[in-house]
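Each protein sequence line maps, in turn, to chains A and B. Heads up: the first sequence runs through residues 1 to 267, numbered per our numbering. Heads up: the second sequence runs through residues 1 to 267, numbered per our numbering.
Fair warning: there could be bad hints in the mix.
As the list claims (entries may be wrong) - Distance windows between CB atoms, simulated:
| # | chain 1 | residue 1 | chain 2 | residue 2 | range |
| --- | --- | --- | --- | --- | --- |
| 1 | A | D239 | B | V127 | 40 to 46 Å |
| 2 | B | R188 | A | R204 | 35 to 41 Å |
| 3 | B | G202 | A | A15 | 40 to 46 Å |
Stated by the list, open to error - A short, non-exhaustive set of chain A residues, derived as facing chain B with CB atoms under 10 Å:
| # | residue |
| --- | --- |
| 4 | V81 |
| 5 | G143 |
| 6 | A257 |
Stated by the list, open to error - Pairs of lysine-lysine, DSBU-like flavour, derived with a Cα cap of 35 Å:
| # | chain 1 | residue 1 | chain 2 | residue 2 |
| --- | --- | --- | --- | --- |
| 7 | A | K163 | B | K42 |
| 8 | B | K218 | B | K163 |
| 9 | B | K163 | A | K163 |
| 10 | B | K218 | A | K42 |
In case anyone wonders, no lab produced these hints; they're calculated from the structure. This one's a predicted model, so the numbers in the text were calculated from it and none came from an experiment. Beta carbons are placed, not taken as given, at the ideal position from N, Cα and C, and that holds for glycine.
Protein chains: 2
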Amino acid sequence: MPLITIGSADDPRLADYVRLRDVSLRRHLETEQGLFIAEGEKVIRRAVEAGFRPRSFLLAERWLDSLADLLAGTPDVPVFVVTEALAEEVTGFHVHRGALASLHRESRHSVDDLLGLRRLVVLEDIVDHTNVGAILRCAAGLGWDGVLLAPRAADPLYRRSIKVAMGAVFSLPWARLTDWAGAVPMMREAGYRTVALALADGARDIGEVAAELGPDEKVAILLGTEGDGLSQRWISDADDVAIIPMQAGIDSLNVAAAAAVACYVLR
Amino acid sequence: MPLITIGSADDPRLADYVRLRDVSLRRHLETEQGLFIAEGEKVIRRAVEAGFRPRSFLLAERWLDSLADLLAGTPDVPVFVVTEALAEEVTGFHVHRGALASLHRESRHSVDDLLGLRRLVVLEDIVDHTNVGAILRCAAGLGWDGVLLAPRAADPLYRRSIKVAMGAVFSLPWARLTDWAGAVPMMREAGYRTVALALADGARDIGEVAAELGPDEKVAILLGTEGDGLSQRWISDADDVAIIPMQAGIDSLNVAAAAAVACYVLR
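Okay, chain A solo, but in the shape it has when bound (with noise of 0.2 Å):
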């Protein structure tokens, strides 16, 4: 763990933590240089023992005691230690938690492995951060096996998503469809009966839905984007359209709420 005190905040080997608030940047940046962000001690801890390999760490000099063992584990990877001053300036915010790192990113579960596992949940386009976290935290804990992510929904390894997920996204497989078109009729055909989430005409019940499934049925909840919801495609294609029951006069609940509701009602 070599200790390396950074002074300015052009320093090049800093460039993982560039700008962590702008987003289209880090998109890019991250998934071209292969890595994602970790915040915070606690996440850091999970991430690093869930396996995935740190390239290097950006701490704050009070972090340096509490997160000793584990550096000392890590002893090919550097540490730069810097000002929060410094640390603000490079990655464009105040880092709360005083501790950062940048991890290899890996692609850990592939959608066949996915396809084998019993209970999914499936996001089309959503596209918050915060959304994916909470809706992979709610899934782990409620006990489904995996998510699936359409082509354009967000991505789980973002620093945000992570944050929310409270290091779910390192436990539960999950997985990135790459055809969006085909996406049900494949889940349809690896036995799934899948279940969209919509306010469309003929929607039934949730809570109907779920006494109709069979005990060791395989099911996948599909979910759509904050705004519009599912495609008309993807309800189309799915096997059954439920709704959770809401009062007049107000909006559907958010996504990541309509989630837990289903994650729940559909266990």
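With chain A's structure known, arrange chain B on it following the hints.
Below, chain B without anything else, positioned relative to chain A:
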């Protein structure tokens, strides 16, 4: 609707809008001045339609047309017209939706009003505005009648709460408790069955608790802070302690997801 073009971020007429990201500044400023901020055309409309009186509007020029009807309906309220750059300089962030309003804060309901309603969600020390907003939206959507907030819970009229609640904060009755220690006994006295959601010894499956509720029974769900959950005091004062059964090794759901499940199951 006097249109006033503003050329400087220091113009004292913009005092309602300064540093919207500075939570502690805003907390003091908004409660002392008796105002709250609505962001985005949709939310501004809902606030005005719900009868909240605007103090002023802060708009980029391109929003004048789409809000023309609303501005015409509030002829005495000044409309400050600014460039997006100036709006950013004043508020401290890029105002994505280009439109802000400052409105008079009102306490529309008393705790006594709320205690006349059948189904309440009660927030202990939930300090995150996003969570408060999400829970209000959930409670309204799933047919709960009102929300009580403990003295330290976050402000439902804070900009971020309002945004996440999607206007439910204007339609759903809510009130602030002044007595934390006496809150649960007071609710029991008012005839509620109080159900604490907590990972506590002896907690029962929430589905089991739900099955015992009578069709007209008054019910209050108690929800605790993000980190530590409900206080021991509220847990021991409650009639029931319920948990949402979770997978081993996973942290609890976040409080907004747990609230969604609880509002659904106990509805």
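So, going through the hints one by one against the coordinates:
1. A/D239 <-> B/V127: 40 to 46 Å: Hint holds: Cβ distance 42 Å, inside 40 to 46 Å.
2. B/R188 <-> A/R204: 35 to 41 Å: 38 Å, holds
3. B/G202 <-> A/A15: 40 to 46 Å: 53 Å, violated
4. V81: Hint violated; A/V81 Cβ to chain B Cβ min 28 Å, cut 10 Å.
5. G143: Holds - the Cβ of A/G143 comes within 10 Å of chain B, reaching about 5 Å at its closest.
6. A257: 4 Å, holds
7. A/K163 <-> B/K42: Holds, at about 29 Å.
8. B/K218 <-> B/K163: 30 Å, holds
9. B/K163 <-> A/K163: 21 Å, holds
10. B/K218 <-> A/K42: 40 Å, violated
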